[in-house]
Amino acid sequence: MSVQCAAHAFRALAVLPAPASAHRRTNHVSLSLPTRRPGLAVAPVRAAESSSPPAVPASESGSAAGKAIVPDEEFSLAKVSFGVIGLGVGISLLTYGFGSYFNLLPGSEWSALLLTYGFPLTIIGMALKATTLSLCTYIKLKPVPCITYADAFALREKCATPIQKQVRSDVTRFRYGDEQHLDEALQRIFQYGLGGGIPRRSAPILQKIREEVTEDGKYSLVLVFEAKALELSDFEKRQAKFTSFFGPGITAEIGKGGDNIYEVRLISEAT
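263 is the number of the first residue of the sequence shown in our numbering; add one for each residue after it.
Keep in mind the hints are simulated off the structure, nothing from the lab.
One thing to keep in mind: the hints can contain errors.
Straight line, CA to CA, 27 Å or less: simulated DSSO-like cross-link-like pairs of lysine-lysine [claimed, not checked]:
{"hint": "1", "residue 1": "518", "residue 2": "499"}
{"hint": "2", "residue 1": "329", "residue 2": "518"}
{"hint": "3", "residue 1": "503", "residue 2": "427"}
{"hint": "4", "residue 1": "329", "residue 2": "470"}
{"hint": "5", "residue 1": "427", "residue 2": "404"}
{"hint": "6", "residue 1": "427", "residue 2": "329"}
{"hint": "7", "residue 1": "480", "residue 2": "490"}
Here are the computed distance ranges between Cβ atoms for each label pair [claimed, not checked]:
{"hint": "8", "residue 1": "354", "residue 2": "521", "range": "45 to 51 Å"}
{"hint": "9", "residue 1": "490", "residue 2": "456", "range": "17 to 23 Å"}
{"hint": "10", "residue 1": "490", "residue 2": "357", "range": "43 to 49 Å"}
{"hint": "11", "residue 1": "413", "residue 2": "457", "range": "41 to 47 Å"}
{"hint": "12", "residue 1": "494", "residue 2": "531", "range": "22 to 28 Å"}
In this text the structure is predicted, and so the values were computed from the model without any measurement.
Every residue, glycine too, gets a C-beta built ideally from N, C-alpha and C.
With these hints in hand, go ahead and build the complete structure from the sequences.
Next comes the structure, spelled out in structure tokens:
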């Protein structure tokens, strides 16, 4: 009987309301220490950082806002390196030449001719593909990236001048024998080594091009240069030369796109 009385007394004490001070201590602890499950680590939540969109460069923020980029899927043989072509043709000739020489493939009478042309083509292809050599680095100039916005792509055929199309085609393919893209144009505009000109070592280097549409709806081809030894004024005082060289039907505008980055906008006058 005493045991049952003790059990009833214990249950009665368990349902009694806790003192006010105990409630305050409990609430304080529940706010300062979040509940954790065993074996789980609680990491701080940073939803604002993860959901923020990537920053757009200041030079392209105006033209890139809300515009789709058209990928350059147009195939051209000029966009393929001579090294790749020579190496592929040379290896194919060597493979078939050896196969026919050992009577594994038909045409044994042509094996000597295939091997004769296959060896030099393979060697030349390997030499042109080996861009680590200083000589091959000079003779092979890689294409520059081209960013084309959808609205500019729609206007290219109608509004772009023949010179704008030629410039785009020249700088987006492999070139051989030139020190840099648009070398002849830059030499005439900046007059390397002449009075009022700049040294050749300070020449701007074309980094990429963009096709975009101006605010008034005109097609624009933007040439993005890197020039560590030049200032914006060096480009601005040659604005008329850019217009005359890439004309007719062109208006050149000069802008700064960042540290040591300068942009020359070739705006077509056609609408």
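*Given the proposed pairing of residue 329 with residue 518, does the C-alpha separation stay at or below 27 Å?*
Cα-Cα ~22 Å, so holds.
*Determine whether the Cβ-Cβ distance between residue 490 and residue 357 falls within the hinted range of 43 to 49 Å.*
48 Å, holds
*Verify the proposed pairing of residue 480 with residue 490, using a straight-line Cα cut of 27 Å.*
30 Å, violated
*For the pair supplied as a hint, residue 427 and residue 404, confirm whether the alpha-carbon distance does not exceed 27 Å.*
OK: residue 427 and residue 404 at ~18 Å, within 27 Å.
*C-beta pair residue 490, residue 456: status relative to the range 17 to 23 Å that was hinted*: 21 Å, holds
*Restraint status (C-alpha distance of residue 427 to residue 329 at most 27 Å)*: 22 Å, holds
*Go ahead and decide if the range 22 to 28 Å is satisfied by the Cβ distance of residue 494 to residue 531.*
Holds: the Cβ-Cβ distance is about 24 Å, inside 22 to 28 Å.
*Does the structure keep residue 329 and residue 470 at a Cα separation of 27 Å or less?*
Distance ~19 Å between residue 329 and residue 470 Cα, so the pair holds.
_Hint check: residue 518 vs residue 499, CA-CA at most 27 Å. Holds or violated?_
14 Å, holds
*Starting from residue 503, check that the Cα of residue 427 is at most 27 Å away, please.*
19 Å, holds
*Using the beta carbons of residue 413 and residue 457, state whether their distance is inside 41 to 47 Å or not.*
43 Å, holds
*Confirm or reject the claim that residue 354 and residue 521 have a C-beta distance inside 45 to 51 Å.*
48 Å, holds
Violated hint: 7 only; the structure is consistent with all others.
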